[in-house]
Amino acid sequence: AQSVTQLDSQVPVFEEAPVELRCNYSSSVSVYLFWYVQYPNQGLQLLLKYLSGSTLVKGINGFEAEFNKSQTSFHLRKPSVHISDTAEYFCAVSASNTGKLIFGQGTTLQVKP
Amino acid sequence: DTGVSQDPRHKITKRGQNVTFRCDPISEHNRLYWYRQTLGQGPEFLTYFQNEAQLEKSRLLSDRFSAERPKGSFSTLEIQRTEQGDSAMYLCASMEGGFAYNEQFFGPGTRLTVL
Chain V
35 AQSVTQLDSQ VPVFEEAPVE LRCNYSSSVS VYLFWYVQYP NQGLQLLLKY
85 LSGSTLVKGI NGFEAEFNKS QTSFHLRKPS VHISDTAEYF CAVSASNTGK
135 LIFGQGTTLQ VKP
Chain F
3 DTGVSQDPRH KITKRGQNVT FRCDPISEHN RLYWYRQTLG QGPEFLTYFQ
53 NEAQLEKSRL LSDRFSAERP KGSFSTLEIQ RTEQGDSAMY LCASMEGGFA
103 YNEQFFGPGT RLTVL
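As given, the protein sequences belong to chains V and F, one line each in that order.
Offset between the first sequence (1-based) and the numbering used here: plus 34.
Offset between the second sequence (1-based) and the numbering used here: plus 2.
Same shape as in the complex, but just chain F (with noise of 0.2 Å):
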């Protein structure tokens, strides 16, 4: 499966652990985003990068989340002192070359649970 993989894909966590996620792109593309879904929404932009370098940040990653992709290949996200408003599922999406039209390629995401 040539996918984007998504690791884990379910997380229960206590409020205030600190949780991480781990995203595998398509192995060419070169642009990687990170979307949140709360239940009953559509997905909400958090953060992008090309290559390693992360270009953007939403208002919505507080200084408690932070995200990388070193080498420009996984990418990780992190999320310190969990709060139960938090709970979301986490999505990662991959793209080949830097034009907004562009297909994204999402993988199935990370369902976290803040008790």
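Here chain V stands alone, though its shape is the one from the complex (with noise of 0.2 Å):
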């Protein structure tokens, strides 16, 4: 079985500061990696994903993860946030061929002015 956690509940920056948003991954067999996004009253947006290859993603806003095996971790960074990155990040794998997400907790970004 898979499991994700995402470290931090909530994290609050001021806009242009870097951030990082954490999510460690279980799973005994290997997985695809995926960053969604809510804003809100709308439905979730793919970022980035990790199939294999480079450890580094980018994805689209700005946006980039590191895929660590040796620490089952995919931590989302972004070197300068805006305002209009304030929503819910979501950290998922997939391992079956199902397809089916499963989701960590939810981080909730707040960017201040």
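Please keep in mind that the hints were generated in silico from the structure rather than gathered at the bench.
Glycine included, each C-beta is placed from N, C-alpha and C at the ideal position.
Treat the hints with care, as some may be off.
Chain V regions said to be covered by chain F (calculated; three or more residues, Cβ under 8 Å) [claimed, not checked]:
1) 73 to 85
2) 106 to 119
3) 123 to 133
Build the complex from these two chains, which are given one at a time in their own frames, with help from the hints.
This is the structure:
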């Protein structure tokens, strides 16, 4: 079975500061890793995903994530956040051929002016 | 708009009533997923379809829940004899192809409130 733990429920940060949202996963098999963002009153949107190859993955809106197999982590980073990045962020894994996603609890990113 | 749509967006019902939600996926997507999201939690998998076949159901899906996808197009999720614990956001997602690494496209969700 797979599980995902997002280590911070809320991350407050000032505009233009860097941010890291932490994600750890547990799985006995190889997994695919995803970060989704959920803006208020909108559906989840894919930010980026890791399948294989380079451990540094670049996504939309200037976000990137690094896969670390030894630490079973997939932390999301952005060097300079904007007010518009305020949203809920979810880390997820998919391991079986069903494609079902196992999500973490979510991290609320609050960008302050 | 060719994204995933869900109807209704909000539903308020009394305990014991039946409710039905609809999801219209992106037209060429053969896989359709249902998730449930409660306040402060991430979405939890409920069930999924490959075309019209329902291939997996979570243990979260009690016998009061039923889902269909006739003709492999839209899908419905019905909850019978609703309970207050059913209050949640119900999310639908669709995916093209059968690979676990493909992107799932999510609808805006249906928020259910059971009084």
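Taking the hints in turn, this is what the structure says about them:
no. : hint       : verdict
1   : 73 to 85   : holds (count 8)
2   : 106 to 119 : violated (count 0)
3   : 123 to 133 : holds (count 8)
Hint 2 alone, counting from the list given before, is not met by this structure.
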